[in-house]
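> Read top to bottom, the protein sequences are chains A and B.
Residues 1 to 209 (our numbering) are what the first sequence spells out, left to right.
Residues 1001 to 1442 (our numbering) are what the second sequence spells out, left to right.
Take the hints with a grain of salt, since some may be wrong.
Straight-line alpha carbon distances no greater than 30 Å define the calculated DSSO-like cross-link-like pairs of lysine-lysine that follow [unchecked claim]:
hint, chain 1, residue 1, chain 2, residue 2
1, A, K168, B, K1392
2, B, K1326, B, K1232
3, B, K1326, A, K168
The hints are simulated quantities; they were obtained by calculation from the structure and are not laboratory data.
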Amino acid sequence: MYETIGIWVGAFFTLAIYSFLYKENPIYRLAEHLVVGISLGYTMAITYDITLKPRLIEPLLSGNHWILLVPAVLGILYITRFIPGIAWLSRYPIAFLMGTAMGVSFPLTLKTDVLRQLEAAMQPFYMSGMPWHEIFGNIVMIFGTLAALIYFFFSKPHKGLFFGTGSKIGIWVIMLGFGATFGFTVMGRISLLIGRIQYLLGDWLHLIE
Amino acid sequence: MRKNWIGIPALMILLLLPALSVAQGVDENLTPVDDNLSTVVTEDSIAATLTELQPVAEEQLEEPDPGLDVSGAITVLDKDNDAGDQLLVSFELPADTEGIYAYNVYRRIAGEEGEDAWNLVEVIPADKLPEFIDGYDPDYPISPGVLYEYRIASVTVDDEEFFGSICKAEVVPEGEIYHTGKTRVLIAGGLFMFLIFYYFGKAQKGTKMYLRPIAGIQAIDEAIGRATEMGKPILYVPGLSYIEDVATIASLTILGRVAKKIAQYQTPLMVPNRDPIVYTIADEVVKQAYLEAGRPDAYDPDSVFFLTTSQFAFVAGVNGLMMREKPATNFYLGMFWAESLLLAETGSLSGAIQIAGTDAVTQLPFFITTCDYTLIGEELYAASAYLGREPKQIGAVKGQDACKAIIMGFITLALALAIIDIAAGTHTLDWVRQVITMPIVD
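Excised from the complex, chain A in its bound form:
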């Protein structure tokens, strides 16, 4: 019984959201407001259940983790935004979070986005026994990386043989890469659409197995 109701509700809201393809309408608006409201309420409950309760309230009540009062106070300072006289206090947790986020992400970004990429680009392009298409791929990778880097030079005019031609090749390489990514991602999206159609025609209407 509950499963059937769930399927009908799911089908109704799927169609309500798809009705946007025709135009913005009251049914879509109903679905939109419901999904926004429910998701927010759900997130609040989940946040309390998996974060606040087990990671803050329970350890504090157990009396062994008084250090947790520091993040708790910082969190409470956010709420001072609602009280104009002391709203400036909310800037302290913001500053703390921004500083921490920068400090943590700097070495991580440097490692993953710079050194690891550099390591991958410094591969030998030829080794004995390597098939020709792999050698070709390595050469394209090396020159493509160099050209793409030239494109992202902001302090030099894109003129002349090195910066002019290099950046032109660079943008071509970037666009070719984006084309491949586009096709790959669209395939993934189509599979999502197929999943929804299977739900409507199978679970709901029982037209397909």
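With chain A held as given, fit chain B onto it using these hints.
Then chain B, alone, in the frame of chain A:
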């Protein structure tokens, strides 16, 4: 003033939460670890002191079933390059593994008594290596300097457990101040920071620095002007990621510049947010921009608002907003995921001029196909310097270019060495790679 009344119930709810928890009673039930991913002991352990755990006499909890053998000695290594919050645990497999589906690894602080003291910290499938790094589970963290005891249970398909001996470790986890595997990251970070500060200083001394034009950034003024002429609002989505994302920080910096211009033109602005913290900062940024523009009175507290944290609910909300309010200009700057096309396509349908920018490689193609202008990757980071034209920020862009030149230099060097290696039969490239990038230990 309109927001004041919200603070009172919010504070009340927060104060009531602990009281409610007390009323419900603290649930002490242990949650079994369901992460079946096996972890492999790394080479970090080579230098660590190996200690075989000695069985504690007369503490056998359950008689092993003669049909299901139990594991042998447990070995613990203190993991190097950590904060003293990880231990490398391995154990000898039973002589007879017939009927064993998995091994449950339990840990407790040495000296504690009772079944409740044991925490299930790992489930290792029978076909995986009998070793793992203990300390990854945030529910059962390892504390530096604390002595632990372990016991392993052989588990049947029916989840029946047969316990081996309790073993007390003779080593305690200890942290290291310096991560030896990240020296190269430190050197690279220091070099890049030096270059950025060097050009930063040059710019401050008045050295003129050139910045090539970027179409997407030049179009920002035009897009704001268009919205002003049409008397329609401007929509600015600062991405869906959190504040620690570099793209979000870049987006908020651009939002400040854009909001300042919007304040001068007195055009309505809408900034929906997905993350509560990003919302708080975006609100501050816009408020400050109106103040800098000399129009604090024109600031509308409802212009920056929080929508929801759910990804697709956020998209549904923003799409509805676009179709109802019909903004003349849409900015999508920051980190985006699968929602990029949904947002940009709807914006295109609403007839808005759209400027997007992200460093998400998988989403850039969608923005390029649906938006009028797209800032690709690092162009987003540089946009702030372009808009502000402050010497310091331009100097920072110049410094980043110098970093890119160094990276290009290394790639070119690698190419040259590869050619030399082919011609001379040497292995110089391997050596250079080893020096520059390897090994970067996690």
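> Compare the distance between the alpha carbons of B/K1326 and B/K1232 with 30 Å, and conclude whether the hinted pair is satisfied.
7 Å, holds
> Is the straight-line distance between the alpha-carbon of B/K1326 and that of A/K168 30 Å or less?
37 Å, violated
> Take a quick look at whether A/K168 and B/K1392 sit within 30 Å of each other, Cα to Cα.
29 Å, holds
Hint violations for this structure: number 3 only, all remaining hints satisfied.
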